[in-house]
Amino acid sequence: MLKTSILCSLAAVTLLQTGCASIPKGERRVFLDSSTHENAPPDWVKSTRITWESEGKIHLRSLHSVRGDERVNGCFDLARLDSKETLLSEIADDVKGTLDNAQTSISESAQTVLGKARTSEYKGKLTGIRVMEQYFERYKIADSERVDCYVLTQVAPGDYDRIKRSILEQVTLADPRIKEAITKKHIDFFKKDDAPQAARLPAGKESSAKEVAKQD
Numbered sequence: 005m006l007k008t009s010i011l012c013s014l015a016a017v018t019l020l021q022t023g024c025a026s027i028p029k030g031e032r033r034v035f036l037d038s039s040t041h042e043n044a045p046p047d048w049v050k051s052t053r054i055t056w057e058s059e060g061k062i063h064l065r066s067l068h069s070v071r072g073d074e075r076v077n078g079c080f081d082l083a084r085l086d087s088k089e090t091l092l093s094e095i096a097d098d099v100k101g102t103l104d105n106a107q108t109s110i111s112e113s114a115q116t117v118l119g120k121a122r123t124s125e126y127k128g129k130l131t132g133i134r135v136m137e138q139y140f141e142r143y144k145i146a147d148s149e150r151v152d153c154y155v156l157t158q159v160a161p162g163d164y165d166r167i168k169r170s171i172l173e174q175v176t177l178a179d180p181r182i183k184e185a186i187t188k189k190h191i192d193f194f195k196k197d198d199a200p201q202a203a204r205l206p207a208g209k210e211s212s213a214k215e216v217a218k219q220d
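5 is the number of the first residue of the sequence shown in the working numbering; add one for each residue after it.
Hints may contain errors.
The calculated DSS-like cross-link candidates involving lysine-lysine, where the alpha carbons are at most 27 Å apart (straight line), are [what the hints assert, rightly or not]:
id: 1; residue 1: Lys120; residue 2: Lys50
id: 2; residue 1: Lys61; residue 2: Lys88
id: 3; residue 1: Lys144; residue 2: Lys50
id: 4; residue 1: Lys50; residue 2: Lys88
If you're looking for bench data, these hints aren't it; they were derived computationally from the structure. Keep in mind it's a predicted model, so treat the numbers as computed, not measured.
Input sequences plus hints: build the corresponding full structure.
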């Protein structure tokens, strides 16, 4: 189950990963083009949520921004990569949070594994991440043209748990004491089969942040 602290830290990570794309005082953002050729983004683009659960699936919204002279397809590729890193970061923090709640310390090696799991250095297989929608918006601020690329991805709870299990296996290999602690303390990293799927994200605790576009 994703913890409230995980969601808060994710918001902070998102703000650190992204550059400040707030419009300078006195400058005006001028719409140029979009996926629909209209200045009317879909609701999921306008939302400030980063992760949420709906209809039993986990959804992630990612945003990447590039200069106006760069390829939109490349921008979407980077947004999809951001989405995967967001998911990995949540799962790694989920594992760490469960261990912390069980008052189980982890070694420096295990910390390193968790750190790599939060980034593109993760070597495990990512399955079940589906891109549901994409949207781009081209705009101009003063003399600077930019493109914002949004990607909406979806992950089934079973696929989420498979990725979590892979990360957990890597952590226990790095620190065998964790496996012993899990057995002794009966630490449960996975929801019960009869638990409602909505329990994965605490009610009313969807992850959100004031997202700003990445700067190159």
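### Query
Which of the numbered hints are not met once you compare them with the structure shown?
Number 1 - this is the single hint that the structure violates.
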